[in-house]
Amino acid sequence: MLKNILLVAEKVPPYTHWTKLLLERGYHAEIFSDINLAAEHILFKLPDMLLIEEKLHPALVKDLVFALKADLSLSSLPVLLILLPERISEIEWEEYLIDDFICEGASDEEVISRVHLAFVRASRLADNNPLTGLPGNTSILRKIEEVLKSESPQAVAYVDIDHFKPFNDAYGFSRGDEIIRMLARILVHTVEQYAGAKGFVGHIGGDDFVFICPLEYAEDIARELIQKFDQLILSFIEPEDKERGCIITTDRQGVLCRIPWPSISIAIVPVWKDHFEHYGEVASVAAQIKKYVKSISGSAYLVDRRGKNRSKFFREEKDQKSSQS
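If you read the sequence shown in this note's numbering, its first letter stands for residue 39, the second for the next number, and so on.
I should point out that these hints are in silico values taken from the structure, not numbers from a laboratory.
Certain hints may be false.
[Said to hold, decoys possible] Straight line, CA to CA, 20 Å or less: simulated EDC-like cross-link-like pairs of lysine to aspartate or glutamate:
#1 93 x 133
#2 181 x 315
#3 41 x 137
#4 236 x 262
#5 329 x 246
#6 100 x 142
Predicted model, so just to flag it, every value in this text is computed and none were measured.
Let's have the full structure, built from the sequences with the hints guiding it.
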């Protein structure tokens with residue numbers, strides 16, 4: 039489906055040329071020279087991107103951009119400001135809520151590159167989890183499909199927090215969000231520490247995460263994640279709950295329950311080229327492993343050790359949380 043780009047600028051070169059250029063490069067582009075008509079058009083037929091010329095009417099342009107970005111239903115619309123080169127150092131960027139700019143004398147290739155980059159950036163930001171800022175499901179899916187074709191052995195590891203819902207019920211959603219952000223931070227730091235640029239961390243949603251790395255690093259990462267999480271979770275537990283070794287809360291029937299502190303379960307799926315045909319197969323194996331590892335008390339990880347021929351199922355669980363045993 040063609041991306042729709044609305045150009046708000048004078049109907050003179052270079053803007054008429056840009057409109058033609060965008061059409062030639064596979065976009066649908068149209069140009070408006072009247073800001074008010076352009077604003078009406080945006081409301082009734084939302085484009086995928088807005089390119090707007092600042093000198094068309096500086097005050098009105100700034101007001102239109104502000105109105106678009108202040109509207110929750112329109113704020114994700116990528117807006118590129120077209121300006122004269124000498125204006126770059128004069129603009130108060132904190133007050134001008136644009137996503138990028140293009141100079142009036144830009145070459146054809148720069149115009150196309152800026153537009154393409156803005157679309158890529160918007161797609162990435164739309165996919166990112168709002169709580170952690172980590173890549174979301176679209177990026178995770180794309181990354182798993184990429185490692186399925188990798189020549190070197192990889193690991194796809196699913197991470198989630200045990201006893202998270204009762205913790206939320208007892209301590210409140212704000213404290214729960216803090217734990218999710220804490221786990222996100224240690225995931226990113228640990229994966230970067232071991233795998234560097236070869237690693238990936240994504241946030242599926244809620245308390246579910248994924249990390250992907252070369253297979254050789256997977257267990258070291260899992261062990262360190264468990265160690266860090268079990269250490270840091272103590273700072274989120276109230277003193278009286280630490281003393282009794284569990285959290286006291288009530289279930290939906292109002293019955294008092296003793297709930298263990300949150301821990302993490304990690305299901306590691308080794309991936310070789312041609313080992314899986316589809317990312318759904320990876321998720322299916324991970325679900326099997328996770329079901330077992332979550333039955334283990336405390337933090338643990340488990341690796342699918344059936345090998346390339348998938349004939350046997352070897353299990354290994356490590357680093358169970360000793361502080362609650």
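Take a quick look at whether residue 236 and residue 262 sit within 20 Å of each other, Cα to Cα. holds, 18 Å
Between residue 93 and residue 133, does the CA-CA distance stay at or below 20 Å? Holds, at about 17 Å.
Pair hint residue 329 and residue 246, alpha-carbon separation not exceeding 20 Å: Roughly 14 Å between the alpha carbons, so the hint for residue 329 and residue 246 holds.
Does the structure keep residue 100 and residue 142 at a Cα separation of 20 Å or less? The hint holds at about 17 Å.
Given the proposed pairing of residue 41 with residue 137, does the C-alpha separation stay at or below 20 Å? holds, 17 Å
20 Å limit on alpha-carbon distance, applied to hinted pair residue 181 and residue 315: The hint holds at about 14 Å.
Hint check: no violations occur; every hint is consistent with the structure.
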